[in-house]
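Colleague: Make a model of the complete structure from these sequences and hints.
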Amino acid sequence: MDGDGLEGSVIIGLEIHCQLNKLNSKLFCGCSTKQQGLEPNTMTCPVCLGLPGALPVINKKAVEYSIMVGLALSCEIAEHTQFYRKNYYYPDLPRGFQITQYDWPIASNGILTVEADGEERTVRIRRVHMEEDPGRLVHQGSIETSKFVLVDYNRSGMPLLEVVTEPDLRSPKEARRFINKLRNILEYLDVFDGSLEGALRVDANVSLRGGARVEIKNISSYKGVERALLFEISRQQNMKRRGVKVTQETRHYDDERNCTITLRTKEQAEEYRYYPEPDLVPLSVKSWEPRLKATLPELPDARRERFKKQYSISDDHAKVITSEIRVANYYECVAGKCEPRLAATWVADYLKGELNYRDRDIKDAFEPEKMIYILEQLKTGIITDKGAVEVMRALLDEGGDPKDIILSRNLAKVETDITKAAVKDVIKENLEAIRDYKDGKPQALNYLVGKVMKKTNGRADPAEVNLLLRELLECT
Amino acid sequence: MALYEESVHKAFDRIKHSKLNAYITLDKEGALETAGKVDDGKVSGRLAGMTVAVKDCITTKGLLTTCGSKILSGYVPPFDAEVVARLRKEGAVITGKTNMDEFAMGTSTESSYYGPTKNPWDLTRVPGGSSGGSGAAVAGLECRMALGTDTGGSVRCPASFCGVVGIKPTYGLVSRYGVIAYANSLEQVGPMARNVSDAALLLDVIAGHDPKDSTSVPHDACYTDHLVEDVKGLTIGVPKEYFGEGTDKKVDNAVWSAIMKLDKLGADYKEVSLPHTKYALSAYYIIAMCEASSNLARFDGLRYGLRIGKDENWHTTFSRIRAEGFGEEVKRRIMLGTYALSEGYYGKYYLKALKVRTLIKQDFEKVFKGVDVLAAPTMPTTAFKIGEHADDPLSMYMADIDTVPVNLAGVPSISVPCGFAGKLPIGIQFIGGFFDEPKIIRTAHTYELNTDFQKLPEGF
Ligand SMILES: [Zn+2]
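Each protein sequence line maps, in turn, to chains A and B. Going by UniProt numbering, 123 is the number at position 123 of the first sequence; the sequence numbering is gapless. Going by UniProt numbering, 371 is the number at position 371 of the second sequence; the sequence numbering is gapless.
You can take every hint at face value.
Only pairs whose alpha carbons sit at most 27 angstroms apart, straight line, appear in this in silico DSS-like list of lysine-lysine:
(1) Lys-370(A) / Lys-337(A)
(2) Lys-250(B) / Lys-423(B)
(3) Lys-266(A) / Lys-348(B)
(4) Lys-217(A) / Lys-181(A)
(5) Lys-348(B) / Lys-86(A)
(6) Lys-369(B) / Lys-264(B)
(7) Lys-352(B) / Lys-366(B)
(8) Lys-355(B) / Lys-286(A)
(9) Lys-278(B) / Lys-348(B)
(10) Lys-363(A) / Lys-319(A)
(11) Lys-61(A) / Lys-22(A)
(12) Lys-319(A) / Lys-309(A)
(13) Lys-60(A) / Lys-181(A)
(14) Lys-86(A) / Lys-266(A)
(15) Lys-308(A) / Lys-379(A)
(16) Lys-223(A) / Lys-319(A)
(17) Lys-28(B) / Lys-61(B)
(18) Lys-60(A) / Lys-212(B)
(19) Lys-212(B) / Lys-22(A)
(20) Lys-413(A) / Lys-379(A)
(21) Lys-278(B) / Lys-240(B)
(22) Lys-61(A) / Lys-212(B)
(23) Lys-363(A) / Lys-403(A)
(24) Lys-310(B) / Lys-147(A)
(25) Lys-319(A) / Lys-370(A)
(26) Lys-19(B) / Lys-385(B)
(27) Lys-352(B) / Lys-86(A)
(28) Lys-379(A) / Lys-363(A)
(29) Lys-217(A) / Lys-245(A)
(30) Lys-355(B) / Lys-86(A)
(31) Lys-385(B) / Lys-249(B)
(32) Lys-86(A) / Lys-34(A)
(33) Lys-10(B) / Lys-28(B)
(34) Lys-331(B) / Lys-86(A)
(35) Lys-86(A) / Lys-212(B)
(36) Lys-212(B) / Lys-34(A)
(37) Lys-212(B) / Lys-286(A)
(38) Lys-261(B) / Lys-250(B)
(39) Lys-310(B) / Lys-70(B)
Honestly, the hints are just simulated from the structure, not real lab data. Please read these numbers as outputs of a predicted model, since none were measured by experiment.
Modeller: As structure tokens, then:
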């Protein structure tokens, strides 16, 4: 199906949950947020286990981070913000309620623009609010076949930020771009590491114009968002085509099977009994705004403009480079030591290309120092473009030192006397072509250059060969 | 034998032969250990060697904490409540955990899963609730002082019924960290003792800012400094709404005699009005039940407490555990609270109750512009018979009419004995403005020094 042939009829809104995993401690207790690879239930305390009598205390830094995100998304920061209890029973929820925000989110009414085909789409941000993550259920096998479920509360109380958009997105591709851009901003703010497992989860609302709204829950991968939306839109279109009415419901996205399944219908709507959390007093956060505004780092759009000016690179290059903070930092590191435009080509086109091909992240790439070395060799003519690419590939696939790679693979251009010897040989072996050249057929020279290149296995510098040939031919 | 160890033995002997059922859990070993350390001079502090009993809804590390409920049977908390930590730091000897209405829901300590506590003045009567075990233990000499919690009068009611002193502090003065919540926005831990000076001493120890409780307020005061005999120039307000229908004639008389006594000692009194008092009871029960319905959701048998059933799905297991683990009164309040918070009723009940709460708070703020303290009956009657209200929960709720406005407003109040109806004690409460504990302690202390209602029940 052509996903982008749908524009104009598709309406998408997103609710994106991001773990503020750059914080040191959880949202309401002192437990660490670093729990990747820990044994289950080893990073817990009475507060995040919801033991009777334990009380939550708000992590001030989490509030600051949330305000910064609000500001980066051009939101209004609330005068007062307040936490609520969202009451429901689930084994991963140790208190029987989740502490979240309801009537008084910390930030609201923002915007974020994304690239739509041929235009910029302004997506309105309805609200940004804070909440805690519940624990994690671990099934033996699949949900259907598991005889029991294990509960890991390490994640319980992890600080989450939920970004809710208005239904302004028009295609799955735009939705994916929105999420990428949001991730990029959060990483620029240094409040989020999107590469950690479970860092980002998305619920999406999708409808065809005039049809009922369907909510897809629990999309937990970046790629899943686009795929889930494509599946759901196709499902709704098929229903429409067959004259079946789409009903308002909540569906679950099954990442493995790439399909959505009914979770509950409108009639089974959940009753959360929201009410203000009595253990947390309201916070007057508006007064925090000026101080945090002053500490906001340079954001992607600003950095892109600066790169264009400072390094005289193309808009396309600047865009690719700044669309991930790690790539931008990598580039700045290389551009500081090399010719910036050459660096842009090699980082944005070659390196990004090779990484994409390998489905890898810039943080898994080789160090910028190695890139600088490669570009230096290229600039001084030690290696060719082709050689440079080969060094990069070797570094990505096997690692090692670029210098060793150049040596062991004979990538350095051959010494001039070897070139000279080859030229002499070629002259001896191609008297006919030399006659042609002397008779005024300049294309014969190209033929000879080709012969020399072949003799040196392509390692000679064609310009140098050209020069040597002319010199020798003048003398004979 | 050493002095403090001996006093521990004495208290535990009395408890052993007691008919009161004031304790759910005893910790003789721990008590003797601490007392021994005090005797050896290894432990000191303001409460060194003094026996203190702790209500069973306050967590104690390593010591069974059940909230008077079957659902928490076997639950041993891994941490101390902040107030308990402060007791230990000052060398207190913790005797054990006192009986209470299940999850602090009640006015009689009859709803405890561990059986009702009896009133030391008359074993056929209730000690009041929900800190009935603490009240009875103090009155029956089974400890020197005790901690209770006061959500709608649950420290002052048993103080009144058992003839002892009880303080409900200003909301935010005492940390709630480690207090198993019934209705968080209303409750405070409060001291209970046989006289005002002990109660003030205990308050000194437990009051103070705790960063682990967001509602805890930084506020410095030394309450024992205010144990002075002087009420001259003090204006006492007498809220007429607290002497309404349902107030026992003997209670009315005793409270008025107390006011006249203070008048004679140099205070002035005048009648005042808190016009929204009549809405307090409904607002209180709505807020308390709403909060309770949410607070008690965590008791699902998954992580601690009662566990029944195996190889069933989670919904079946947790429903069964809650059905068997909670008593009638608790279930009633969870159901009502759940209903009142549900969509469509939230505005009708909960939000309206919050509005009433604001009005009641304003009533107090207004009245304290003209008076220093308020004087009123703590309970409209004396202790009632065990089982008297068993079939009519509403009639029992009515007994809280004079205590709940204080919790809704968050202001402090102290209850002290002010007479007897037959052999049953009567209590008067002095209510103060926010953080006016010094004033109400001074008033109560002066009154106590000039009367002799501070008696022991017959046979004790
Ligand atoms: Zn924790």
